[in-house]
Amino acid sequence: MEVVVYCLTFLVLVYYMLISNVPLLAKLFIGVTAFIIFGLRYLHKTVGWLFYPEFGSKNPFAMDSRIPRKPYEMDHRKRDAIIKQSFTVGKVQGESFDAVVVGSGIGGMTVAAILSKVGKKVLVLEQHDQAGGCCHTFVDKNYEFDVGIHYIGEMDHGRYNRVLVDQLTDGQLEWAPLMNPYDRVTIGQGDDMKEYPIYHDMQRFTKELKLLFPAEEHSAIDKYVQLVRRIF
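Each residue of the sequence shown is one higher than the one before, counting from 4 in the working numbering.
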């Protein structure tokens with residue numbers, strides 16, 4: 004509704020400038036000023052909380068939303084009742100939504116959760132038979148399998164990823180540390196195969212990597228590690 008008001012007001016201003024005898028320079032000044040005011044107002048309402056938390060729109064992370072973890076739901080029928088809700092027009096007939104998110108993967112669910120936290124009514128649509136994207140699972144012969152997620156890093160307490168996910172899920176996700184090294188890169192086959200372990204700690208990773216390469220390559224390894232640190 005507010006967007007409609009903005010558009011109508013802008014059209015009235017344009018009409019006034021076209022039919023009035025105001026000098027061209029004054030018309031341009033009025034038009035540019037109105038455009039800037041409307042643009043700033045829109046940005047203020049949508050993303051203002053990013054830059055001025057005390058002003059602008061509601062901050063979805065203004066308060067810590069973590070709560071004690073609830074018991075795991077092991078009954079697949081109860082879980083399917085939530086994540087396998089097939090869509091029909093009748094379910095949303097007469098409903099109005101502030102946003103429609105297409106796709107229930109990590110990105111779609113993240114956006115939907117943030118919008119919900121600021122009071123928006125959100126509809127999430129998914130073409131698969133269950134929500135989750137590459138985070139969903141399937142059960143075969145009483146074993147549950149992940150379909151896409153291998154491991155996720157930066158999930159120690161206090162790290163940015165951990166804080167973000169904790170707030171998006173109300174603290175309902177638990178994280179288990181991986182073994183160290185948590186991965187191994189292998190190149191070649193048979194007697195020519197070489198293996199490069201990847202460790203959690205960057206210092207140890209650098210140290211172990213240098214043991215596998217001649218001394219003249221160590222400076223290149225240091226430059227690589229510096230670049231990784233700068234990016235992440």
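None of these hints come from the bench; they were simulated from the model. Check each hint, because a few of them may be wrong.
[Stated by the list, open to error] Keeping only pairs whose Cα atoms sit at most 25 Å apart, straight-line, the calculated SDA-like set for lysine to any residue is:
no. : residue 1 : residue 2
1   : K94       : F64
2   : K123      : R187
3   : K73       : D101
4   : K73       : T91
5   : K120      : N145
6   : K87       : D101
7   : K226      : T209
8   : K81       : E157
9   : K144      : Y75
10  : K123      : E98
11  : K81       : V125
12  : K61       : R187
13  : K124      : Y146
14  : K61       : F235
15  : K94       : Y75
16  : K73       : G111
17  : K210      : E157
18  : K120      : F148
19  : K197      : A179
20  : K94       : G106
21  : K73       : N183
22  : K120      : V95
23  : K81       : Q175
24  : K210      : F235
25  : K120      : K144
26  : K73       : Q130
27  : K87       : K61
28  : K197      : L167
29  : K226      : R187
30  : K73       : R187
31  : K123      : G151
32  : K87       : G135
33  : K81       : V95
34  : K123      : Q170
35  : K94       : K144
36  : K73       : N145
37  : K73       : A179
Checked hints:
1. K94 with F64: violated, 30 Å
2. K123 with R187: Between K123 and R187 the Cα gap is close to 44 Å, so the pair fails against 25 Å, i.e. violated.
3. K73 with D101: violated, 29 Å
4. K73 with T91: Violated, because 31 Å separates the two Cα atoms, which is more than 25 Å.
5. K120 with N145: This hinted pair is violated, its Cα atoms lying about 36 Å apart.
6. K87 with D101: Cα-Cα ~23 Å, so holds.
7. K226 with T209: Since the Cα atoms of K226 and T209 sit roughly 11 Å apart, the hinted pair holds (cutoff 25 Å).
8. K81 with E157: violated, 31 Å
9. K144 with Y75: It holds: about 20 Å lies between the C-alpha atoms, which stays within 25 Å.
10. K123 with E98: Given that 25 Å is the threshold and the Cα spacing comes to 13 Å, the pair holds.
11. K81 with V125: holds, 22 Å
12. K61 with R187: violated, 44 Å
13. K124 with Y146: Answer violated: K124 to Y146 is near 36 Å, above 25 Å.
14. K61 with F235: Answer violated: K61 to F235 is near 29 Å, above 25 Å.
15. K94 with Y75: Violated. K94 to Y75 sits at ~28 Å, over the 25 Å cutoff.
16. K73 with G111: holds, 24 Å
17. K210 with E157: Judged against 25 Å, a Cα distance of about 21 Å means the pair holds.
18. K120 with F148: With Cα atoms ~30 Å apart, K120 and F148 exceed 25 Å; violated.
19. K197 with A179: Distance of about 29 Å is beyond 25 Å: violated.
20. K94 with G106: The given pair, whose Cα atoms are some 18 Å apart, holds under the 25 Å limit.
21. K73 with N183: Outside the cut-off at roughly 30 Å; violated.
22. K120 with V95: Since the Cα atoms of K120 and V95 sit roughly 21 Å apart, the hinted pair holds (cutoff 25 Å).
23. K81 with Q175: holds, 17 Å
24. K210 with F235: holds, 19 Å
25. K120 with K144: violated, 38 Å
26. K73 with Q130: violated, 29 Å
27. K87 with K61: violated, 31 Å
28. K197 with L167: Roughly 38 Å separates the two Cα atoms, so the pair is violated.
29. K226 with R187: holds, 21 Å
30. K73 with R187: With a Cα-Cα distance of about 35 Å, the restraint between K73 and R187 is violated, given a limit of 25 Å.
31. K123 with G151: violated, 30 Å
32. K87 with G135: holds, 10 Å
33. K81 with V95: It holds: about 22 Å lies between the C-alpha atoms, which stays within 25 Å.
34. K123 with Q170: Answer holds: K123 to Q170 is near 17 Å, not above 25 Å.
35. K94 with K144: violated, 33 Å
36. K73 with N145: holds, 23 Å
37. K73 with A179: Given pair K73, A179 holds - Cα atoms ~17 Å apart, limit 25 Å.
The earlier numbered hints that this structure contradicts are 1, 2, 3, 4, 5, 8, 12, 13, 14, 15, 18, 19, 21, 25, 26, 27, 28, 30, 31, 35.
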